[in-house]
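Peer 1: Chain by chain, the residues:
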Amino acid sequence: MTPARLDATFSALADPTRRAILARLARGDASVMELAEPFAMSQPAISKHLKVLERAGLISRGRDAQRRPCRIEATPLHDANVWLESYRELWEASFDALDDVLEDLKRQDRHKAKRKQEKP
Amino acid sequence: MTKLKILPGAPNEIVMQREFNAPRRLVIQAMTTPELIKRWMGGVRAEVVIAEHDLRVGGRYRHVFRLPDGHQFQFTGVYREVSDDRVVHTEKFDDNPAESVVTITLTEAHGKTTLHMVVAFDTKELRDMVFGTGMADGAGESYDKLDELLASL
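Residue numbers (the working numbering), protein chains in the order written: chain A, 982 to 1101; chain B, 343 to 495.
The set of hints was computed from the structure by calculation and includes no laboratory data. All values reported here derive from a predicted model rather than from experimental measurement. Careful: at least some of the hints might be erroneous.
[Unchecked claim] Within a straight-line C-alpha distance of at most 30 Å, the following computed DSSO-like cross-link-like pairs (lysine-lysine) qualify:
#1 A:Lys1087 with A:Lys1097
#2 A:Lys1087 with B:Lys347
#3 B:Lys380 with A:Lys1087
#4 B:Lys434 with B:Lys345
#5 A:Lys1095 with B:Lys347
#6 B:Lys380 with B:Lys454
#7 B:Lys454 with B:Lys347
#8 B:Lys380 with A:Lys1095
#9 A:Lys1095 with B:Lys434
#10 B:Lys345 with A:Lys1087
#11 B:Lys454 with A:Lys1097
#12 B:Lys380 with B:Lys434
#13 B:Lys454 with A:Lys1093
#14 B:Lys345 with B:Lys454
#15 A:Lys1093 with B:Lys380
Could you build the full structure based on these sequences and the hints that come with them?
Peer 2: Dropping the structure here:
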């Protein structure tokens, strides 16, 4: 995994057709023909997308000369997501703690309101 | 069960939504008062040791975190938009030159406040994050959400 490849990962993911291809491959390997069918695209058009995905390291192609089945490769997505995930987790932990601070602020507010009421 | 909702966004975005059982006035107070920020930001994962804010357009902020192992990191940025229901600011991680843009909206209904937060990462920033810091290491061991990600695409 090189830095250039992570850039390639995100630009490859920016295209909805390529994301759909990945979603299909997540369910199992498929040939170009099998991929072209549900997308109503020509095989050369699909092949072009597959080349981008392959360069980004998101898929690999099988050796079988006839079918060359496509397989999803998890590593690049995984690396990019590890960071996003730890960022999300930091906020999740923060918001859980914020709940407690807000309860304190609400208590203080009620207390102030009560004292105001008591003082004529 | 977590209360944090992750909503769909672009591949370089994190879109989070969270409801708080308090009026917006108090959420803003908790999110912008340095002494209060130190009590919640980072939660159980990290401690905030420095919280500085200049909450106005063009003003800067700085949050320095300390992890239980003593490692420190910081987020800094500049406010681009500041109002009661919407704040937009840039965000830099440590000395990373790339910036992400964070858009926060706060909506109050029936005494509860919904926070909606979009973090748009620079792809270069993501690249530097992954290769330039150790922050991802800890979370990486237990992390395997590829299926979830693909299902959401």
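Peer 1: So which of the earlier hints does this model not fit?
Peer 2: Result: hints 5 and 9 break, sorted rising.
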